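Trainee: Here's the letter readout for the chains.
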Amino acid sequence: MIVRKKDRVVVLGITGKQGTFWTEKMIGYSTNVVAGINPKRAGEMHVGVPIFASPADAVRAVGADVAVMFIPPPMAKEAAVSAAQAGIKLLIVLTEHIPAQDVMAIHAAAAKHGTRVVGPNTAGLVTPGECFVGIMPAFVPSVFKPGRVGVISRSGSLGTLVCLNLTRAGLGQSAFIGIGGDPMLGTTTRDALEALDADAGTDAIVIVGEIGGDMEEAAAEYAKGVRKPMVAFIAGAAAPPGKKMGHAGAIVTGNTGSYAGKRKALEAASVIAVDAPSQIAAAVAAGLKGGRTAMQAAVSRQ
Amino acid sequence: MNFEEHAAKSLVLAPAAIPVLRAILCLSAKEAAMAAAQIGPCVVKAQVPVGKRGKAGGIKLANTPKEAEQVAGQILDMRIGDYTVERLLVEQQAKIVREFYAAVLNDTTLRKPLILFSTEGGMDIEEIAAEKPKAIRRLAVDIDKAPSAKDISSMLAGLDLGAAEPQVTDILQKLHAAYRARDAELLEVNPLALLADGRVVALDCKFVLDDAAIYRQADIAVGGGASAMTDLERRGAEAGLKLIQLDGNVGVLANGAGLTMTTMDVIRHYGGKPANFLEIGGEAYTKAGIALDLVLSNPGVKSLVINFCGAFARTDVMADGVIKAWAKLRPTVPVFFSIHGTGEDEAVALVRGALGIEPYDFMEDAVQAAVRAAQ
Numbered sequence: 001m002i003v004r005k006k007d008r009v010v011v012l013g014i015t016g017k018q019g020t021f022w023t024e025k026m027i028g029y030s031t032n033v034v035a036g037i038n039p040k041r042a043g044e045m046h047v048g049v050p051i052f053a054s055p056a057d058a059v060r061a062v063g064a065d066v067a068v069m070f071i072p073p074p075m076a077k078e079a080a081v082s083a084a085q086a087g088i089k090l091l092i093v094l095t096e097h098i099p100a101q102d103v104m105a106i107h108a109a110a111a112k113h114g115t116r117v118v119g120p121n122t123a124g125l126v127t128p129g130e131c132f133v134g135i136m137p138a139f140v141p142s143v144f145k146p147g148r149v150g151v152i153s154r155s156g157s158l159g160t161l162v163c164l165n166l167t168r169a170g171l172g173q174s175a176f177i178g179i180g181g182d183p184m185l186g187t188t189t190r191d192a193l194e195a196l197d198a199d200a201g202t203d204a205i206v207i208v209g210e211i212g213g214d215m216e217e218a219a220a221e222y223a224k225g226v227r228k229p230m231v232a233f234i235a236g237a238a239a240p241p242g243k244k245m246g247h248a249g250a251i252v253t254g255n256t257g258s259y260a261g262k263r264k265a266l267e268a269a270s271v272i273a274v275d276a277p278s279q280i281a282a283a284v285a286a287g288l289k290g291g292r293t294a295m296q297a298a299v300s301r302q
Numbered sequence: 001m002n003f004e005e006h007a008a009k010s011l012v013l014a015p016a017a018i019p020v021l022r023a024i025l026c027l028s029a030k031e032a033a034m035a036a037a038q039i040g041p042c043v044v045k046a047q048v049p050v051g052k053r054g055k056a057g058g059i060k061l062a063n064t065p066k067e068a069e070q071v072a073g074q075i076l077d078m079r080i081g082d083y084t085v086e087r088l089l090v091e092q093q094a095k096i097v098r099e100f101y102a103a104v105l106n107d108t109t110l111r112k113p114l115i116l117f118s119t120e121g122g123m124d125i126e127e128i129a130a131e132k133p134k135a136i137r138r139l140a141v142d143i144d145k146a147p148s149a150k151d152i153s154s155m156l157a158g159l160d161l162g163a164a165e166p167q168v169t170d171i172l173q174k175l176h177a178a179y180r181a182r183d184a185e186l187l188e189v190n191p192l193a194l195l196a197d198g199r200v201v202a203l204d205c206k207f208v209l210d211d212a213a214i215y216r217q218a219d220i221a222v223g224g225g226a227s228a229m230t231d232l233e234r235r236g237a238e239a240g241l242k243l244i245q246l247d248g249n250v251g252v253l254a255n256g257a258g259l260t261m262t263t264m265d266v267i268r269h270y271g272g273k274p275a276n277f278l279e280i281g282g283e284a285y286t287k288a289g290i291a292l293d294l295v296l297s298n299p300g301v302k303s304l305v306i307n308f309c310g311a312f313a314r315t316d317v318m319a320d321g322v323i324k325a326w327a328k329l330r331p332t333v334p335v336f337f338s339i340h341g342t343g344e345d346e347a348v349a350l351v352r353g354a355l356g357i358e359p360y361d362f363m364e365d366a367v368q369a370a371v372r373a374a375q
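If you read the protein sequences in the order shown, they are chains G and W. Taking my numbering, the leading residue of the first sequence gets 1, the next gets one more, and so forth. Taking my numbering, the leading residue of the second sequence gets 1, the next gets one more, and so forth.
Rather than coming from a laboratory, the hints here were simulated on the basis of the structure. Keep in mind it's a predicted model, so treat the numbers as computed, not measured. Treat each hint with caution, since some may be false.
In silico BS3-like pairs for lysine-lysine, Cα to Cα no more than 25 Å straight-line [to be verified]: (1) Lys324/W to Lys302/W; (2) Lys242/W to Lys243/G; (3) Lys243/G to Lys324/W.
With the rest of the complex left out, here is chain G (with noise of 0.2 Å):
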């Protein structure tokens, strides 16, 4: 799930607002965007891409290993399936609030065809200097900068912050991974864990968690044999309980989910938990020179 150069690239819901906006990003941060897709208007250019009916006819007359969907919740499911069974090896769902049920049913087509959905209601992926799928600012230059630290995130506008931190404190990025803010997401915190730690090109990892489900104590059950510096931030510790925070993920009922909970699992994995985002960057950098133990010091030190 890190992107690179060569993965060409097909947009499912191209001629939108958005799906223009964010392809003309993509394109101008050199992502390799060989096909868009719009059923009523097959065989046309649209931003220099050429048009296909269907995920399936792009595959056939161009390939695609990567898919991402600019596509409205009624018909995103339609969308995701079609794109699993084209074949297509890394699907990129972004739109939020896409039913629960359909969402189970884009889990399943993906099993069985052997995709990776990462999402739904993700940011999407960005490699700094090289590319990015999805809406993200990889292309503003005091946010991203090519390095060697990955970062996980649920949240878009977190990660985007999180990243610029990084990037003020000299810390480029490897990798930044969406995973999204949905309850069911094809990719985990673990699975995007799991990538960056076997990624040559990552040195350290930051995990940006949120309150709700069990995703961020599944992670630090894997985190446990890691060994590169890992620092966390969980956001949610000041939310009520029993509300849905934006994020339908965001929720904690009873003791699942909570913020202490999270903090616990990740602090008994050795990861580095932090109060604030602000404190993240200075953690890692103390955990690239001295290790752990310097970490920790960074951050009581905060």
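Given the coordinates of chain G, assemble chain W onto it according to the supplied hints.
Mentor: Relative to chain G, chain W alone:
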């Protein structure tokens, strides 16, 4: 979206042919008496979308119309959780032999529908899970399939349901079908009761409709939505914005759920208290002006943090929305900005030029200034 018992039964269970007892919805003690005259010995039940109604005194037996009027008078206007009781369900009494638990819900880990059944009905599923975890049977179902009678009977194996088993099997299948047809997040029958006459009926029902599916469940959605909201939260909902009013004094306006929660966390980190959750992320980023109006309408707000970190949400569009609303609203509380991400150069220039305010480079500094100003 939560539904009260009467709505869940009449809109979801009854159309799915899941047996329920005869019941009449009443808005006054007088109506309850009339309903009891028709039904006979009855149970008078407060209609609020929260659990533990019985423990709170919201469910009472009545054997005559006069008793029904009396207990109805006691239950109406009672506070249960965040709700005031305004409606009652007057339901036939029945002799219960056994109480079961049945539900179909989204299993977010398996990403599949999950059917739950337990012979320990009447208590919360959380309580059953904590006290008698082995009493809960589970069946995960592929999203494109329906559970066969055979699937269900293997799920129920060893529970000793006797003559009730065929009825339970049928009800579980229908419950799954209703969950699918009605985009339930949760469809729970607790208790599902075996009566002395041998029938198995749904005595209570909790139905949570997936908010994202309201657009295709419009016919039943009109019967739900009875969640407790403040006036300000209702105004937010009407504008299509998720607003949660809190008891602090530092207002929050940010884009994206993650960034908004983080802004609240940092307010608390610096010793302040957030006055609200309100985010204008996703498609809502064009609603910054309405959002500013909402936050400033909260009488508790003494200072305001506007924290934009644009990915999809363009900060220039959001800043423009704030500035246009500003001229009309003329905020009297100090406002502190931090702006980064997509469109940040234009956005910062707009705020500087139109409002004469210099955004902070770090959100933590904007928050700290707001917390100080609120004190």
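Trainee: Given the hinted pair Lys324/W and Lys302/W, is their Cα-Cα distance within 25 Å?
Mentor: holds (21 Å)
Trainee: Within a Cα-Cα threshold of 25 Å, do Lys243/G and Lys324/W meet the stated pairing?
Mentor: violated (31 Å)
Trainee: Lys242/W and Lys243/G were given as a pair; does the straight-line alpha-carbon distance stay at or below 25 Å?
Mentor: holds (11 Å)
Hint compliance for this structure: hint 3 alone is broken.
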